[in-house]
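Asker: Residue numbers (the working numbering), protein chains in the order written: chain A, 151 to 325; chain B, 151 to 325.
Hints in this document: simulated from the structure, not taken from any laboratory.
Accuracy of the hints is not assured; some may be wrong.
One side only, chain A facing chain B, incomplete, derived with CB under 10 Å [as the list claims (entries may be wrong)]:
id, residue
1, Ile184
2, Glu192
3, Ile193
4, His196
5, Asn222
6, Pro225
7, Val227
8, Tyr228
9, Tyr231
10, Val232
11, Lys234
12, Gly240
13, Lys246
14, Gly296
Even for Gly, the Cβ is constructed at its ideal location relative to N, Cα and C.
Number of protein chains: 2
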Amino acid sequence: MIYFVSSNKNKFREVKRILDRYNIDIEFKELSLIEIQGEIEEIAKHKIKDAYKIIKDEVIVEDDALFIDELNGFPGVYSSYVYKTIGNDGILKLMKDAKNRDARFVSVIAYSNGYTKLFKGIVEGFIAENKQGVSWGYDPIFIPKGYTTTYAMIEKDKISHRSMALKEFVRWYKS
Amino acid sequence: MIYFVSSNKNKFREVKRILDRYNIDIEFKELSLIEIQGEIEEIAKHKIKDAYKIIKDEVIVEDDALFIDELNGFPGVYSSYVYKTIGNDGILKLMKDAKNRDARFVSVIAYSNGYTKLFKGIVEGFIAENKQGVSWGYDPIFIPKGYTTTYAMIEKDKISHRSMALKEFVRWYKS
Numbered sequence: 151m152i153y154f155v156s157s158n159k160n161k162f163r164e165v166k167r168i169l170d171r172y173n174i175d176i177e178f179k180e181l182s183l184i185e186i187q188g189e190i191e192e193i194a195k196h197k198i199k200d201a202y203k204i205i206k207d208e209v210i211v212e213d214d215a216l217f218i219d220e221l222n223g224f225p226g227v228y229s230s231y232v233y234k235t236i237g238n239d240g241i242l243k244l245m246k247d248a249k250n251r252d253a254r255f256v257s258v259i260a261y262s263n264g265y266t267k268l269f270k271g272i273v274e275g276f277i278a279e280n281k282q283g284v285s286w287g288y289d290p291i292f293i294p295k296g297y298t299t300t301y302a303m304i305e306k307d308k309i310s311h312r313s314m315a316l317k318e319f320v321r322w323y324k325s
Numbered sequence: 151m152i153y154f155v156s157s158n159k160n161k162f163r164e165v166k167r168i169l170d171r172y173n174i175d176i177e178f179k180e181l182s183l184i185e186i187q188g189e190i191e192e193i194a195k196h197k198i199k200d201a202y203k204i205i206k207d208e209v210i211v212e213d214d215a216l217f218i219d220e221l222n223g224f225p226g227v228y229s230s231y232v233y234k235t236i237g238n239d240g241i242l243k244l245m246k247d248a249k250n251r252d253a254r255f256v257s258v259i260a261y262s263n264g265y266t267k268l269f270k271g272i273v274e275g276f277i278a279e280n281k282q283g284v285s286w287g288y289d290p291i292f293i294p295k296g297y298t299t300t301y302a303m304i305e306k307d308k309i310s311h312r313s314m315a316l317k318e319f320v321r322w323y324k325s
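Just chain A, same shape as in the assembly (with noise of 0.2 Å):
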């Protein structure tokens, strides 16, 4: 058994959504770590150590940020922060008229056992027009290449960058 450490809920479901078809257990551990400001990789690397201090047992913490190229890579690894204040609503104010709408989601899936390894997954994609569908963070706002609609309208775990990141945790975890 894993835990999972996170103060999202949500991103819980979805990352046990996924390890259920392969067979991992994990577990849920609401704890809100202290997130430095920095590169994602960096971010997570410094959460799994703290995370471990304090489980003492096999854990993962999960980090992803959206990029957006118009807005120099905002809203970035404070995705989080921008989601709670200025939401999608925002986002679709700053990309008003915008051209460039390309974007890319990134997971970076940090596990310890006492030693860390991390695991990345990147989904390229646009920022839509206005929001279609209804499902958390900014689901509703991201299309992924080679789709017409959003996050929020099609079945993400197949090909999310969360699902990525799992993924290749699950294969060198397995082996």
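Take the given structure of chain A and dock chain B to it, following the hints.
Answerer: For chain B alone, coordinates are given in the frame of chain A:
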């Protein structure tokens, strides 16, 4: 002589200008310190600890943040990242047609000589409809209460959040 640790030379110039009046010598030490994500006081406390470990002498760091009510406190403690990505134009877009333009600028000065002390300055104000004046950071869009134009257009050292925090520091330091 006190060291001022920052990655922002504009900030140092302002601090020096203010402390010069009180005959306090300050020297710039360009360093990027790891910032945690959290409340402004917590961030300053972490940074001053790290700064003192490196400098091992009297040292000051400053953190400031612009909180906009209509945007639920955004950009807040991520003001510097938000400035580098979406900038003042982004903030003005988000505030387009907003009736509540209330905002406040908060500065926290952290001093250490081994022993750490924090000083805070707060200035209430409004977000301008358009940029006014040429300066750095959010100065061209922040109108302090009781004024009709922005920080960038007035002699802000007399009333700014940074100078208020610094004056608190000077009062304590000289006594």
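Asker: Interface hint check: Tyr228 of chain A, Cβ to nearest Cβ on chain B, cutoff 10 Å. Holds or violated?
Answerer: Nearest chain B Cβ about 5 Å off; hint holds.
Asker: Does Lys246 of chain A meet its interface restraint, that is, does its C-beta lie within less than 10 Å of any C-beta in chain B?
Answerer: Where the cut-off is 10 Å and the nearest Cβ of chain B is about 7 Å from Lys246 of chain A, the hint holds.
Asker: Holds or violated: is there a CB of chain B closer than 10 Å to the CB of Ile193 of chain A?
Answerer: With Cβ-Cβ at 8 Å, under 10 Å, it holds.
Asker: Quick check on the hint: Tyr231 of chain A CB to chain B CB, less than 10 Å?
Answerer: With a minimum Cβ separation of about 6 Å from chain B (threshold 10 Å), the hint on Tyr231 of chain A holds.
Asker: Taking the closest Cβ pair, is Asn222 of chain A under 10 Å from chain B?
Answerer: 4 Å, holds
Asker: Under 10 Å, Cβ to Cβ, is where His196 of chain A needs to be relative to chain B, so tell me if that hint holds or is violated.
Answerer: Where the cut-off is 10 Å and the nearest Cβ of chain B is about 9 Å from His196 of chain A, the hint holds.
Asker: Answer holds if the nearest beta-carbon of chain B is closer than 10 Å to that of Glu192 of chain A; otherwise answer violated.
Answerer: 8 Å, holds
Asker: Going by Cβ atoms only, is Gly296 of chain A closer than 10 Å to chain B?
Answerer: Violated, because the Cβ-Cβ distance from Gly296 of chain A to chain B comes to roughly 27 Å (cut-off 10 Å).
Asker: Hey, does the Val232 of chain A contact hint survive, CB to chain B under 10 Å?
Answerer: 7 Å, holds
Asker: Going by Cβ atoms only, is Gly240 of chain A closer than 10 Å to chain B?
Answerer: With Cβ-Cβ at 6 Å, under 10 Å, it holds.
Asker: Have a go at the Lys234 of chain A hint: is there a Cβ in chain B nearer than 10 Å to its own Cβ?
Answerer: It holds, given that the least Cβ distance between Lys234 of chain A and chain B is near 7 Å, below 10 Å.
Asker: Please check whether Ile184 of chain A passes as an interface residue: C-beta within 10 Å of a C-beta belonging to chain B.
Answerer: 5 Å, holds
Violated hint: 14 only; the structure is consistent with all others.
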